[in-house]
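> Use the sequences and the hints to build the structure in full.
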Amino acid sequence: MPTKNTVELESVSKLYGSFAALRKVTAQFPVGQCCVILGENGAGKSTLLRVIAGLLHPTLGSVRVLDAPASQNVRERIGYLSHASMLYDELSALENLRYFSALNAGTEMMPAAEALRLVGLKAELERPVGQYSQGMRQRAALARVLLAQPDLLLLDEPFSNVDAASVEQMQRVLLTLRSRGCTILLTTHQPELTRPLADRYCHMRQGAIASWSEGSAA
Amino acid sequence: MKRLLWIAVPVTLALLVQGFREAIFVAPTEATMGNIQRIFYYHVTSAWMAFLMFFLSFCASVAYLMFRRSQPFRAEAADAFALATAELGVVFCSVVLISGPLWARPVWGIWWTWDERLTSTLMLWLIYVSYLLLRRFSAGAQSYTLAAVLSVFGFLDVPIVYMSTRWWRTQHPAPVIGGGPNSGLDPSMWPAVWWNLAAWFAWGMVLLTLRYQLERKRQREAQEAALHALESDLALGSQER
Amino acid sequence: MSYARIVWAHLCKDLRLEWRSKDAINGMLFFSLLVVVLFSFAFDPTTAVSRQIAGGILWVALLFATVTALNQTWTRELRNSVLDAQRMAPAAPSALFLAKVLANFFFVTAVQVILAPVFIIFYNLHALGQGWLLWIVLPLGTLALVINGTFFGALSLRTRNRELLLPLILFPISIPAVLAMVEATTAILTGEYDPGLWIRLLAGYDVIFTTISLLLFATVLHAE
Numbered sequence: 678m679p680t681k682n683t684v685e686l687e688s689v690s691k692l693y694g695s696f697a698a699l700r701k702v703t704a705q706f707p708v709g710q711c712c713v714i715l716g717e718n719g720a721g722k723s724t725l726l727r728v729i730a731g732l733l734h735p736t737l738g739s740v741r742v743l744d745a746p747a748s749q750n751v752r753e754r755i756g757y758l759s760h761a762s763m764l765y766d767e768l769s770a771l772e773n774l775r776y777f778s779a780l781n782a783g784t785e786m787m788p789a790a791e792a793l794r795l796v797g798l799k800a801e802l803e804r805p806v807g808q809y810s811q812g813m814r815q816r817a818a819l820a821r822v823l824l825a826q827p828d829l830l831l832l833d834e835p836f837s838n839v840d841a842a843s844v845e846q847m848q849r850v851l852l853t854l855r856s857r858g859c860t861i862l863l864t865t866h867q868p869e870l871t872r873p874l875a876d877r878y879c880h881m882r883q884g885a886i887a888s889w890s891e892g893s894a895a
Numbered sequence: 283m284k285r286l287l288w289i290a291v292p293v294t295l296a297l298l299v300q301g302f303r304e305a306i307f308v309a310p311t312e313a314t315m316g317n318i319q320r321i322f323y324y325h326v327t328s329a330w331m332a333f334l335m336f337f338l339s340f341c342a343s344v345a346y347l348m349f350r351r352s353q354p355f356r357a358e359a360a361d362a363f364a365l366a367t368a369e370l371g372v373v374f375c376s377v378v379l380i381s382g383p384l385w386a387r388p389v390w391g392i393w394w395t396w397d398e399r400l401t402s403t404l405m406l407w408l409i410y411v412s413y414l415l416l417r418r419f420s421a422g423a424q425s426y427t428l429a430a431v432l433s434v435f436g437f438l439d440v441p442i443v444y445m446s447t448r449w450w451r452t453q454h455p456a457p458v459i460g461g462g463p464n465s466g467l468d469p470s471m472w473p474a475v476w477w478n479l480a481a482w483f484a485w486g487m488v489l490l491t492l493r494y495q496l497e498r499k500r501q502r503e504a505q506e507a508a509l510h511a512l513e514s515d516l517a518l519g520s521q522e523r
Numbered sequence: 004m005s006y007a008r009i010v011w012a013h014l015c016k017d018l019r020l021e022w023r024s025k026d027a028i029n030g031m032l033f034f035s036l037l038v039v040v041l042f043s044f045a046f047d048p049t050t051a052v053s054r055q056i057a058g059g060i061l062w063v064a065l066l067f068a069t070v071t072a073l074n075q076t077w078t079r080e081l082r083n084s085v086l087d088a089q090r091m092a093p094a095a096p097s098a099l100f101l102a103k104v105l106a107n108f109f110f111v112t113a114v115q116v117i118l119a120p121v122f123i124i125f126y127n128l129h130a131l132g133q134g135w136l137l138w139i140v141l142p143l144g145t146l147a148l149v150i151n152g153t154f155f156g157a158l159s160l161r162t163r164n165r166e167l168l169l170p171l172i173l174f175p176i177s178i179p180a181v182l183a184m185v186e187a188t189t190a191i192l193t194g195e196y197d198p199g200l201w202i203r204l205l206a207g208y209d210v211i212f213t214t215i216s217l218l219l220f221a222t223v224l225h226a227e
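Chains as they are written, first to last, in the working numbering: chain S, 678 to 895; chain X, 283 to 523; chain Y, 4 to 227.
Hints may contain errors.
With a straight-line cut-off of 30 Å between C-alpha atoms, the simulated DSSO-like cross-links for lysine-lysine are [said to hold, decoys possible]:
(1) Y:K25 <-> S:K799
(2) S:K681 <-> S:K701
(3) X:K284 <-> X:K499
(4) S:K701 <-> X:K284
DEER-style ranges, computed between Cβ atoms [said to hold, decoys possible]:
(5) X:G391 <-> Y:F67: 30 to 36 Å
(6) Y:G207 <-> S:F696: 43 to 49 Å
(7) X:I392 <-> Y:F67: 25 to 31 Å
(8) S:A800 <-> Y:R82: 21 to 27 Å
(9) Y:Q55 <-> X:M348: 45 to 51 Å
(10) Y:N164 <-> S:S695: 20 to 26 Å
(11) Y:I139 <-> X:G422: 39 to 45 Å
Computed far set for chain S versus chain X, every beta-carbon distance over 12 Å [as the list claims (entries may be wrong)]:
(12) N682
(13) K691
(14) N718
(15) S723
(16) A745
(17) M787
(18) P788
(19) R804
(20) S810
(21) R849
(22) R877
(23) Y878
Calculated from the structure, these hints are not laboratory results. Beta carbons are placed, not taken as given, at the ideal position from N, Cα and C, and that holds for glycine.
See the structure below:
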């Protein structure tokens with residue numbers, strides 16, 4: 678029986694020495710919703726996503742993701758994407774995706790060519806990812822996340838420096854995912870790009886959640 | 283704790299004086315080596331203390347690795363202990379490496395020889411200096427974990443180092459003056475050894491306590507500063523709203 | 004079985020990356036060549052002496068060369084934050100480590116294959132002991148360098164001055180291994196004593212450090 682919330686944060690703090698990157702963040706992110714996290718640089722958006730992804734261990738507080746404590750292994754059901762492509766520059770998109778598919782042995786994976794087609798890239802493209810434009814690279818990065826057909830998608834500035842056509846393509850993919858019940862958490866500096874997606878906006882300031890507001894997508 | 287130190291420091295000083303008296307004035311002059319042999323009382327006790335410190339550091343590192351997730355605050359204490367013991371170990375090991383050649387020059391006629399004990403002590407010193415360097419070059423909780431891992435590697439390396447240098451010397455017939463002063467110590471010399479061991483053990487423990495507390499204080503201050511920042515800025519934030 | 008397949012996927016990726024960029028192997032090859040040449044100026048390599056010192060020079064050259072390559076292999080994972088993707092992948096972290104060790108082993112061996120003839124010519128060498136034993140000593144020694152090197156490469160990856168730090172922590176730990184490989188090689192080249200003891204030491208060193216590296220790699224990878 679699935680819970681209503683994909684992510685539950687209970688007074689989560691992350692301290693770096695005497696600097697608090699996250700301060701007592703308590704929040705729930707319901708299944709199938711897209712929440713856009715807004716805030717200035719250093720407001721703790723990226724840290725929040727990395728804590729949820731399990732890449733950072735919170736100093737205080739508890740994180741439950743997909744009905745499991747963060748220490749438990751639910752990583753294959755989480756897709757994490759940052760503004761870096763997380764792909765090898767020397768390999769082509771298809772080679773990159775095939776490689777990452779191979780690491781998820783035992784789980785049902787989307788074929789690499791299929792994932793590339795979804796984000797509007799040609800699988801036959803032989804060029805290494807390093808020679809792609811930023812928009813194409815970001816779409817390839819999104820394709821990598823799609824492979825595992827995740828239940829939770831964490832996107833850290835996915836649209837930064839991406840051309841308009843690529844943004845539109847990525848939005849289409851994300852909308853399809855959301856309609857299938859995938860929970861999406863997204864940070865951005867450009868809220869206007871997320872208007873078609875956002876169910877809710879979460880405003881962060883100085884490592885804490887300052888306020889919430891409703892999105893237009895609902 | 284502070285009161286304990288008030289007792290420990292004078293006791294340690296008294297022990298050091300007594301150890302000095304035993305080593306320099308009471309213990310008989312060695313027949314062949316003469317007065318220079320008296321370095322031995324400091325050299326050997328430092329060596330034992332160095333090994334003890336490195337062993338404690340290894341134990342603390344393992345404890346840190348085991349508890350860093352489940353009990354982060356206790357683990358930090360283990361890390362502070364690992365750091366304090368490693369630093370003291372390096373200090374004692376340096377004493378060994380300096381006092382050794384001072385003794386060897388008049389007795390063996392050479393400052394240094396690549397014999398098994400000298401070589402493995404030097405390796406030990408190098409490994410723990412690299413441990414301290416790693417701690418300098420990395421920051422935050424990451425540094426604790428990485429240092430603890432290196433400490434485990436270093437400690438496991440010690441027996442291998444010892445065996446390899448031992449085989450190395452037996453392979454190469456070289457003019458090593460064998461035995462060393464440890465072979466057959468005259469009974470009249472033992473009191474000086476024990477007094478000095480007690481004295482330097484006490485000295486080491488006092489320094490260890492101080493260093494450990496200093497590191498704990500640093501950790502606690504960082505924690506408190508962070509928690510303070512956590513609370514105060516939240517309040518500030520709500521006022522603005 | 005699936006573990007082996009994951010290791011294979013990592014290994015193919017590393018070999019392919021190296022094949023496309025050739026950063027590590029070129030640097031390593033030229034570097035070790037330079038060391039060999041420099042040492043032959045420093046120590047006059049007449050035949051009588053050369054047998055005594057060749058083992059040492061060979062391994063010191065390889066040790067330095069390995070360090071230059073090891074920095075490359077992990078920096079690659081840091082670029083574009085691929086390391087985050089690796090940490091998120093459900094595959095066992097030790098598979099990543101094992102594959103990197105194998106890949107680095109392959110690179111260093113390739114360098115040895117190219118370097119060996121140069122070495123024999125420069126130092127006018129032929130083994131007086133049992134030459135075939137070199138076929139055991141070389142892989143064992145390379146493995147010892149590469150295991151610790153790869154592990155400490157990962158360990159120093161997120162520290163300041165990582166390129167400086169790697170040799171500083173790698174060399175002290177590797178000293179017994181270096182001693183064993185140099186002694187074994189010298190024993191074989193001069194034929195004056197039996198290298199068996201040193202080969203066993205090297206094998207033991209490899210087993211011990213492979214085990215603890217595999218056990219502790221996840222800790223190092225997820226250290227924050």
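> Now tell me if each hint is right for this structure.
Evaluated hints:
Note on K25 (chain Y) and K799 (chain S): the hinted pairing holds, with a Cα-Cα distance of about 27 Å set against a maximum of 30 Å. For the hint linking K681 (chain S) to K701 (chain S), the alpha-carbon distance of about 22 Å falls within 30 Å, and the restraint holds. For the proposed pair K284 (chain X) and K499 (chain X), the alpha carbon gap of about 14 Å is at most 30 Å, so the pair holds. The hinted pair formed by K701 (chain S) and K284 (chain X) fails the criterion: a straight-line CA distance of about 36 Å is larger than 30 Å.
For G391 (chain X) and F67 (chain Y), the Cβ-Cβ distance of about 35 Å falls inside the hinted range of 30 to 36 Å, so the restraint holds. Between G207 (chain Y) and F696 (chain S) the beta carbon distance is about 46 Å. The supplied range of 43 to 49 Å therefore holds. Distance hint for I392 (chain X) and F67 (chain Y): a CB-CB separation of about 30 Å, consistent with the stated range 25 to 31 Å. At about 24 Å, the CB distance of A800 (chain S) to R82 (chain Y) agrees with the hint of 21 to 27 Å.
Look at Q55 (chain Y) against M348 (chain X): about 47 Å separates their beta carbons, and that is inside 45 to 51 Å. Distance hint check for N164 (chain Y) and S695 (chain S): the Cβ-Cβ separation is about 24 Å, which falls inside the suggested range of 20 to 26 Å. As the Cβ distance of I139 (chain Y) to G422 (chain X) is approximately 44 Å, the hint placing it in 39 to 45 Å holds. The Cβ of N682 (chain S) lies farther than 12 Å from every Cβ of chain X, with a closest approach of about 24 Å, so its non-interface assignment holds.
Not every CB of chain X is more than 12 Å from the CB of K691 (chain S) (nearest about 10 Å), against its label as outside the interface. Distance check for N718 (chain S) against chain X: the nearest CB is about 17 Å away, which clears 12 Å, and the non-interface claim stands. Interface exclusion of S723 (chain S) from chain X stands, the closest Cβ pair being 17 Å apart, more than 12 Å. A745 (chain S), annotated as away from the interface, keeps every beta carbon of chain X farther than 12 Å; the closest lies near 16 Å.
For M787 (chain S), the requirement that its beta carbon stay farther than 12 Å from each beta carbon of chain X is met, with the minimum near 33 Å. Interface exclusion of P788 (chain S) from chain X stands, the closest Cβ pair being 37 Å apart, more than 12 Å. For R804 (chain S), the requirement that its beta carbon stay farther than 12 Å from each beta carbon of chain X is met, with the minimum near 36 Å. Listed as a non-interface residue, S810 (chain S) keeps its Cβ farther than 12 Å from every Cβ of chain X; the least gap is roughly 35 Å.
Consistency note on R849 (chain S): stated as away from chain X, and its beta-carbon is indeed over 12 Å from all of that chain's, at 37 Å minimum. At the 12 Å boundary, the C-beta of R877 (chain S) stays outside the reach of chain X, the nearest C-beta of that chain being 19 Å off. The non-interface label for Y878 (chain S) is consistent with chain X: the shortest C-beta to C-beta separation is roughly 16 Å, beyond 12 Å.
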